[in-house]
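Put together the whole structure using the sequences plus the hints.
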Amino acid sequence: MITVVIASQLRDDRLDYLTAMHASLSRQSVPWEAVIALDGASPDRLPAPLAQDPRVRTLALPRAVGAACARNLALNLVRTPYVNWADDDDTFPDHAMSTRLNVLRTTDAGWCAGWSEDFHPDGSTTLWRCSTPPGHHAAGDVWTYWLKPSDTIPIGPTTILARTDLVRAAPMGGLVQGEDYCAALGITTLAPGVLLPVSVYRYRKHAGQLTKSASYDELEAAAREHAWQYGRHLRAVLRTGAGAAA
Numbered sequence: 103m104i105t106v107v108i109a110s111q112l113r114d115d116r117l118d119y120l121t122a123m124h125a126s127l128s129r130q131s132v133p134w135e136a137v138i139a140l141d142g143a144s145p146d147r148l149p150a151p152l153a154q155d156p157r158v159r160t161l162a163l164p165r166a167v168g169a170a171c172a173r174n175l176a177l178n179l180v181r182t183p184y185v186n187w188a189d190d191d192d193t194f195p196d197h198a199m200s201t202r203l204n205v206l207r208t209t210d211a212g213w214c215a216g217w218s219e220d221f222h223p224d225g226s227t228t229l230w231r232c233s234t235p236p237g238h239h240a241a242g243d244v245w246t247y248w249l250k251p252s253d254t255i256p257i258g259p260t261t262i263l264a265r266t267d268l269v270r271a272a273p274m275g276g277l278v279q280g281e282d283y284c285a286a287l288g289i290t291t292l293a294p295g296v297l298l299p300v301s302v303y304r305y306r307k308h309a310g311q312l313t314k315s316a317s318y319d320e321l322e323a324a325a326r327e328h329a330w331q332y333g334r335h336l337r338a339v340l341r342t343g344a345g346a347a348a
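Under my numbering, think of the first position of the sequence shown as 103, with each following residue one higher.
There may be inaccurate statements among the hints.
[As the list claims (entries may be wrong)] Derived EDC-like pairs (lysine to aspartate or glutamate); straight-line CA-CA distance at most 16 Å:
1. Lys307 to Asp224
2. Lys250 to Asp192
3. Lys307 to Asp196
4. Lys307 to Asp146
5. Lys307 to Asp220
6. Lys307 to Asp118
7. Lys250 to Glu327
8. Lys307 to Glu219
[As the list claims (entries may be wrong)] Have a look at the derived ranges for each label pair, beta carbon to beta carbon:
9. Ala271 to Gly237: 19 to 29 Å
10. Asp319 to Thr342: 34 to 44 Å
11. Gly310 to Thr342: 42 to 52 Å
12. Pro223 to Asp267: 37 to 47 Å
13. Ser317 to Asn204: 36 to 46 Å
Don't read these hints as lab results, they were simulated from the structure.
In this text, a Cβ means the ideal position worked out from N, Cα and C, and glycines have one as well.
As structure tokens, this is what we get:
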């Protein structure tokens, strides 16, 4: 029913994290597949539990192209009704897939999301409640909870389980970071959805995160501005047919 799409360069410091991600998928109670876009990495470096799992397929790219491009190219291999983006260093709670899939199969929602948790090195977690409130949301409403680009994004991109056609219509943005902001806004603008007041994703906090890199702040403001404007104008065009946002 579900494909989880992951991009990875199979860095040494992330191989154990990727194995933990796979273990969290193996604990899900609904059928799933995973497509891992190897961003310039050799398939020989894939950890054994993943390499031996027939539910895991790989897309070996001949050179590094960046997370956004790698993820988008991996969409070509998706063959299930629903898609969830994920990072190679994070994990899913055991109920993550079944809880959201049940909503998608019993309502008119095109996407279903939840809250996320920061997963700290000592094993503790901190819940993050996005600014979008729990409940049913009309197409385009999620953007309205992102009042200005510098604010926290209105929904966690990797907390979204969505119909595959929506993900294909609103894939990763053409950015070197913040590409998933565009994907989240595109999906939630194209179709109504539901935000559940439960955690469905765990972000691992560690020194190798992109957000910890020395160059992260150099482009973050520009990436947020681009994604915010994208959501604003996409919403306006779909609602009014006009080129200028209200």
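Here is how each hint holds up against the structure:
1. Lys307 to Asp224: holds, 10 Å
2. Lys250 to Asp192: violated, 28 Å
3. Lys307 to Asp196: Violated: Lys307 and Asp196 sit about 19 Å apart, past 16 Å.
4. Lys307 to Asp146: violated, 27 Å
5. Lys307 to Asp220: holds, 6 Å
6. Lys307 to Asp118: With a Cα-Cα distance of about 14 Å, the restraint between Lys307 and Asp118 holds, given a limit of 16 Å.
7. Lys250 to Glu327: holds, 8 Å
8. Lys307 to Glu219: holds, 10 Å
9. Ala271 to Gly237: 19 to 29 Å: For Gly237 against Ala271, whose Cβ atoms are near 24 Å apart, the range 19 to 29 Å holds.
10. Asp319 to Thr342: 34 to 44 Å: Taking Cβ atoms as reference, Asp319 and Thr342 lie about 35 Å apart, which means the hint holds.
11. Gly310 to Thr342: 42 to 52 Å: holds, 44 Å
12. Pro223 to Asp267: 37 to 47 Å: Hint holds: Cβ distance 39 Å, inside 37 to 47 Å.
13. Ser317 to Asn204: 36 to 46 Å: Cβ of Ser317 to Cβ of Asn204: about 41 Å, so the range 36 to 46 Å holds.
Checked against the numbered hints given earlier, this structure breaks hints 2, 3 and 4; the rest are met.
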